[in-house]
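*Asks:* Next come the chains, spelled out residue by residue.
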Amino acid sequence: MRQRDATDPFKLKLASIVLLLFLVSYFLPFFLLRENRISPEIANGMGALDLRCRIFLLLPFLLVALYASVKGDWLSDMLLSLAGTLGLFFPMMVLAIVGGRLSGDASSPSRYGPASGMYVYLTAVLVIFMMKPKVKAYDLIGIALVIGSVLVAGYRGSYDRLGLLLEARNFGTRLNQELVAHIRLTLISLAISIAIGLPLALVSYQSRRAEKIIFPFLNILQTIPGIALLGLLITPLSTLSRTFPLLRELGIKGIGNTPAIIALTTYALYPIIRYSFTAFSSIDQSVIQAARGMGMSPSQVWKLVRFPLATPGVLQGMRVALVQTIGNATLAKLIGGDGLGVLVFEGLGQASVDMVLLGMGLIIGLTVISDRLFQILITLTTPRSLRAKGVGNG
Amino acid sequence: MQVNQAHPILTDTHTFLKVEHLVVQYGTIVALDDVSLEIPANRVTVLIGPSGCGKSTTLRCLNGLVGIERGTITYLDASVQGLSQTDLRRSMGYAIQSVGLMPHLTVEENVDLVPRLLGWDRSKRKERVDKLLALVRLDPEIYRKKYPNELSGGEAQRIGFARALGSDPPVLLMDEPFGAVDPLNRILLQDEFIRIQRQLKKSVVFVTHDLEEAVRLADYLVIMKDGKIVQADTPEQILSSPKGEFVERFLGPERSLQRLTLVTADRCMEKALSGLDSDASAHLPDCSNLTYWQVDEDGAPVCGYTRSEGSIIQKPITSAIHTVQIYSSLKDCMAKILNSGLSAAAVVDERGRLCGEVRFEAIQQISIL
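Protein chains in written order, with the numbering used here: chain A, 1 to 394; chain B, 1 to 369.
If you are wondering where the hints come from, they were derived from the structure by calculation, not from laboratory data. Just to be clear, a hint being listed does not mean it is correct.
To list a few chain A residues with every Cβ distance to chain B over 10 Å, as calculated [as the list claims (entries may be wrong)]:
{"id": "1", "residue": "Val24"}
{"id": "2", "residue": "Tyr119"}
{"id": "3", "residue": "Ala144"}
{"id": "4", "residue": "Asp160"}
{"id": "5", "residue": "Leu187"}
{"id": "6", "residue": "Ile196"}
{"id": "7", "residue": "Ser207"}
{"id": "8", "residue": "Gly226"}
{"id": "9", "residue": "Leu237"}
{"id": "10", "residue": "Gly327"}
{"id": "11", "residue": "Phe345"}
{"id": "12", "residue": "Val353"}
In silico DSS-like links for lysine-lysine, alpha-carbon gap of 30 Å or less [unchecked claim]:
{"id": "13", "chain 1": "A", "residue 1": "Lys303", "chain 2": "B", "residue 2": "Lys126"}
{"id": "14", "chain 1": "B", "residue 1": "Lys201", "chain 2": "B", "residue 2": "Lys225"}
{"id": "15", "chain 1": "B", "residue 1": "Lys331", "chain 2": "B", "residue 2": "Lys315"}
{"id": "16", "chain 1": "A", "residue 1": "Lys136", "chain 2": "A", "residue 2": "Lys71"}
{"id": "17", "chain 1": "A", "residue 1": "Lys134", "chain 2": "A", "residue 2": "Lys71"}
{"id": "18", "chain 1": "B", "residue 1": "Lys18", "chain 2": "B", "residue 2": "Lys225"}
{"id": "19", "chain 1": "B", "residue 1": "Lys146", "chain 2": "A", "residue 2": "Lys134"}
{"id": "20", "chain 1": "A", "residue 1": "Lys303", "chain 2": "B", "residue 2": "Lys145"}
{"id": "21", "chain 1": "A", "residue 1": "Lys303", "chain 2": "B", "residue 2": "Lys131"}
{"id": "22", "chain 1": "A", "residue 1": "Lys13", "chain 2": "A", "residue 2": "Lys136"}
{"id": "23", "chain 1": "A", "residue 1": "Lys303", "chain 2": "B", "residue 2": "Lys146"}
{"id": "24", "chain 1": "A", "residue 1": "Lys303", "chain 2": "B", "residue 2": "Lys124"}
{"id": "25", "chain 1": "B", "residue 1": "Lys271", "chain 2": "B", "residue 2": "Lys201"}
{"id": "26", "chain 1": "B", "residue 1": "Lys126", "chain 2": "B", "residue 2": "Lys145"}
{"id": "27", "chain 1": "B", "residue 1": "Lys18", "chain 2": "B", "residue 2": "Lys201"}
{"id": "28", "chain 1": "A", "residue 1": "Lys11", "chain 2": "A", "residue 2": "Lys134"}
{"id": "29", "chain 1": "B", "residue 1": "Lys131", "chain 2": "B", "residue 2": "Lys146"}
Being a predicted model, the structure only gives us computed values, none of them experimental. The beta carbon of each residue, even a glycine, is placed where N, CA and C say it ideally should be.
Excised from the complex, chain A in its bound form (with noise of 0.2 Å):
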């Protein structure tokens, strides 16, 4: 039987959570200021803000202390999706404030950026969303009406300041180039892995004996340090690329794009032979067994029962070598290859956090929307059947 009420401790026990988190917000810093990109960064608390702003980022806890004692799943579903849209409105505005009043002052730092007691009272909010059971449209609507927020506030100026912004805008076209730079070096990466990770997760199926070869080579591959084998793969290819002028015009050398796709189909390559052998091997015998035992020719019983039944798995397999590739493109930067990699790294190299920050902030939102894009693809791929496993009465 389902019974909230007031005493509810698990309802208690989250509360309490996002509230102390708030509380560790308010003792750091919460946006910080700088003179220009690489000057020391001047730190301000919750207690900079004025006291109508203080208010304001206050309001969603007290909200939540109201969930945590109020009884009603449906009133306390609303309080929780209100609280979570205010906290990630507040925040926004209140860099919008600051932003606009440091445009509007030409005597005043030049940029400024959120700090770590902000990161901490987001945290706090994603924490009030995870609280929800279930994600409602009202939710969707609440975070679309504080985007759209966002953006107009932008549009007005409001955050022109901001260091990651004033970062992109120096970048400006070479920003796009990086960024289709990453995507391609992971696309073609993960082209060359699948190409030759499936036939070998098949052959693995196949042969036992070469099973045995396959998976201890992967383990010792799947131990090389990504930047070490960045580095043991210069020599052998600067080699090739000196003796074979042909290999040199396809632009194959020692350093660029080459030894970073090569590294990174090799780490590729563990997840997808892991994943797609595992699919394979873990179909039931028995249903190997009826479909031969009907009638199929063995060309069937691939392409009507292994194939459909394995495709889920091997697709998992390609999911976290998409998710994986993408963080480790980053390194291809260390051997002059191109992508994001180029903002974190030079970014490091002139102390600028907030180009470290944007270049970060570019690959997390790259790996999340193809996380979830691939995602999407496997439920579509997926028989109905397959899909919740253990659901039903069998």
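On the provided structure of chain A, position chain B as indicated by the hints.
*Replies:* Positioned in the frame of chain A, the structure of chain B alone reads:
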């Protein structure tokens, strides 16, 4: 009283396929050692024996799932002669213990599999699926679109059986098809199997390790041990004259009781004395040991009466607990008779209506044969 032949005799049929001197080896282990066998057409051949005796291997040699070391399998029946291996398999329905339904296909697509492989046209296939689901008594409207993970064990077995019958093959190979269901469902599935087999008259090769199941279903019983055939004959013959100590031990001390499982109720069913009123003494002649059944308006028995030492004893009848079906075994009838203390067991049809009785004397007479 007329006692029908307990089983269709084997002499009025021809040999469907002939296995000669079959040897199968898995590595160094000899799985089958010089097995020779003749499978009769339109009859149920049951292979039985302890685990590892080679019964499943024999079955899987028949449709080429297991490679043969030495020996020959000759398909004498015109319907399967000269077929390629995949065509041969498609002409042999195949049902296995773990059912092996394709988890990504609906019930309809599963049952439809072999007809689809054979390239039947769509309307004919749909008709076939409906007919097969009805045959195994699952409502097509409810089950057609279900997935295997939504079925109970018994339902999955039925679908597996329907799938084996998919293209109406002349042969059915069944490898412990009821092995994974509980005893109650198992008996129901056996009843269904007997009903369907009487209707369709397939050539069936059936593997089991359950003696009672074997004796119930077999027209021709093959007992195997360590890759060899120990005795092959009609179950009646094997039960009355087991060959050697192994067979005797395998059949167990209940051998004579097992013989009753050979015969189904309809074989010695007689017309029942029944009426709507409860005045039994008017219906039961003095000094007889007949049973009078009181039935309700639908014809379902509600009470049984029999004379015993001058007085009339009366037993209320609960359907299923005190009644038997047409395809129940005589062993089952015997148990019901002993349970109720009446002189006969009531036989009811699918709707629970009284359609006859099996008398104690009839069972006695069968045992004498």
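*Asks:* Each of the hints needs a verdict: does it hold here or not?
*Replies:* Each hint tested on the structure:
Even its closest Cβ contact with chain B, about 47 Å, leaves Val24(A) beyond 10 Å, as expected for a residue assigned away from the interface. The Cβ of Tyr119(A) lies farther than 10 Å from every Cβ of chain B, with a closest approach of about 44 Å, so its non-interface assignment holds. For Ala144(A), the non-interface assignment is confirmed: its Cβ lies about 37 Å from the closest Cβ of chain B, beyond the 10 Å cut-off. The Cβ of Asp160(A) lies farther than 10 Å from every Cβ of chain B, with a closest approach of about 55 Å, so its non-interface assignment holds.
Against the 10 Å criterion, Leu187(A) stays outside the reach of chain B, whose nearest CB is about 29 Å from its own CB. Separation of Ile196(A) from chain B is adequate, the least Cβ-Cβ distance of about 27 Å exceeding the 10 Å criterion. At roughly 17 Å from the closest C-beta of chain B, the C-beta of Ser207(A) stays outside 10 Å, upholding its exclusion from the interface. Separation of Gly226(A) from chain B is adequate, the least Cβ-Cβ distance of about 38 Å exceeding the 10 Å criterion.
The beta carbon of Leu237(A) sits about 44 Å from the closest Cβ of chain B, which is more than 10 Å, so the claim that it is off the interface holds. Listed as a non-interface residue, Gly327(A) keeps its Cβ farther than 10 Å from every Cβ of chain B; the least gap is roughly 33 Å. Distance to chain B confirms Phe345(A) as a non-interface residue, since its nearest Cβ pair spans about 46 Å, more than 10 Å. Distance check on Val353(A): its Cβ is at least 51 Å (rounded) from any Cβ of chain B, clearing the 10 Å threshold; non-interface status holds.
Distance check on the hinted pair: Lys303(A) and Lys126(B) sit about 23 Å apart at the alpha-carbon level, within 30 Å; holds. Under the criterion of a C-alpha separation no larger than 30 Å, the hint pairing Lys201(B) with Lys225(B) is consistent with the structure, at around 29 Å. The hinted pair formed by Lys331(B) and Lys315(B) meets the criterion: a straight-line CA distance of about 21 Å does not exceed 30 Å. Proposed proximity of Lys136(A) and Lys71(A) is supported: the alpha carbons are some 19 Å apart, at most 30 Å.
With a C-alpha separation of about 18 Å, the suggested pairing of Lys134(A) with Lys71(A) holds against the 30 Å cut-off. As the CA atoms of Lys18(B) and Lys225(B) are separated by approximately 20 Å, the hinted pair is consistent with the 30 Å bound. Taken as a hint, the Lys146(B) and Lys134(A) pair is honoured in the structure, with Cα atoms around 28 Å apart against an allowance of 30 Å. As the CA atoms of Lys303(A) and Lys145(B) are separated by approximately 22 Å, the hinted pair is consistent with the 30 Å bound.
Between Lys303(A) and Lys131(B) the alpha-carbon distance is near 28 Å, which keeps this suggested pair within the 30 Å criterion. With a C-alpha separation of about 23 Å, the suggested pair Lys13(A) and Lys136(A) falls inside the 30 Å cut-off, and the hint holds. Of the pairs offered as hints, the one joining Lys303(A) and Lys146(B) holds, with about 22 Å between alpha carbons and a cut-off of 30 Å not exceeded. For the hint pairing Lys303(A) with Lys124(B), the CA-to-CA distance comes to about 24 Å; that is within 30 Å, so the pair holds.
With a C-alpha separation of about 27 Å, the suggested pair Lys271(B) and Lys201(B) falls inside the 30 Å cut-off, and the hint holds. The suggested pairing of Lys126(B) with Lys145(B) holds, with an alpha-carbon distance near 12 Å, which does not exceed 30 Å. Restraint check for Lys18(B) and Lys201(B): satisfied, since their Cα atoms lie roughly 19 Å apart, inside the 30 Å limit. The straight-line distance between the Cα atoms of Lys11(A) and Lys134(A) is roughly 15 Å, inside the 30 Å bound, and the hint therefore holds.
For the suggested pair Lys131(B) and Lys146(B), the alpha carbons sit about 17 Å apart, so the restraint of at most 30 Å is met.
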